[in-house]
Amino acid sequence: MTIELLAPAAAEAPTRFVERHGRRIAYRETGSGTPLILCLRFRGVLDSWDPAFLDALAAEFRVITFDYSGLGQSGGAASYRAEVMARDAIDLADALGIESFAVGGWSLGGMAAQVVTAMVPERVTHLVLIGTTPPGRVEHPSEAAFLEHALKPVNDLADEEILFFEPASASSRAAAAASNARIAARSADRSPPIAPETYLALLQDRHAEDLFPDAGGYRDFLANCGIPILVIAGDHEIVFPTPNWFALNRVWKSLHLMVLPQMGHGPQHQAPEFVADLIKSFVRTRQRADVAA
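The numbering of the sequence shown is full-length UniProt numbering, which starts it at 1 and goes up by one.
Hints were generated in silico from the structure; no laboratory data involved. Some hints could be false.
[To be verified] Distance ranges between label pairs, derived from CB positions:
#: 1; residue 1: Phe-274; residue 2: Glu-197; range: 32 to 40 Å
#: 2; residue 1: Ala-177; residue 2: Glu-122; range: 42 to 50 Å
#: 3; residue 1: Arg-24; residue 2: Ala-208; range: 24 to 32 Å
#: 4; residue 1: Gly-216; residue 2: Leu-147; range: 25 to 33 Å
In this text, a Cβ means the ideal position worked out from N, Cα and C, and glycines have one as well.
Full structure from sequences and hints, please.
Here's what the structure looks like:
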């Protein structure tokens, strides 16, 4: 008789480590199926993901989350440059022996995921972007409320309501409290938060006129690569305003844009099962296409 071992739920998944190019990368995984590597937001560590979202994805994917180099429980030199964060994701896939995978990213991690796709397009089956920005110059800037709350040494629930949810909506505020409680429920083996002096230095290091500099020609590549791209955004996105994607609707030829009502920068935490279902359906049904330039 064969006994099938079930992957642990996200809240209980142990932190594991791989060594790659002289540094240690901390990661967790749950579920089975198509590998889905998820890249983190600004100030994010392994314990910044809502476990309900990861568990909903794990019904169909081998979900892999990780700490960027030099942050959380990972070693090495820290950087918020998209190319460096992308290399972490690729090196992790290499260390785990994963040749083909879907890649996703939330916020700053969405920039990393786009660079991963441009760096190893033959390995990426699908690109999933949540609350992030396209490369290059954009028309709509972040709202002032973002930096007012994002740079505080500690973010409480009231900050999270503004940063990741829609504070004008009672149901969104309730979802913020529920998500906060789920994330806080893990009591052991947590990744340490990023110190203010660290994230402020990393922001200064990547300071540029554009939020996501397009030095690598990422925008043109993604417009024509044929890899299915799903963008999920709230209708009140204070960090990377959703209208910046509208101009790309018929330019990025494999772009799918989902705008969710009464939501902010973290729709996957407000509606974890719904957003996970969107991603599962997208990966299951949308395939890479040959696209004429």
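Each hint tested on the structure:
no., hint, verdict
1, Phe-274 with Glu-197: 32 to 40 Å, "holds, 38 Å"
2, Ala-177 with Glu-122: 42 to 50 Å, "holds, 43 Å"
3, Arg-24 with Ala-208: 24 to 32 Å, "holds, 29 Å"
4, Gly-216 with Leu-147: 25 to 33 Å, "holds, 26 Å"
Hint violations for this structure: none, all hints satisfied.
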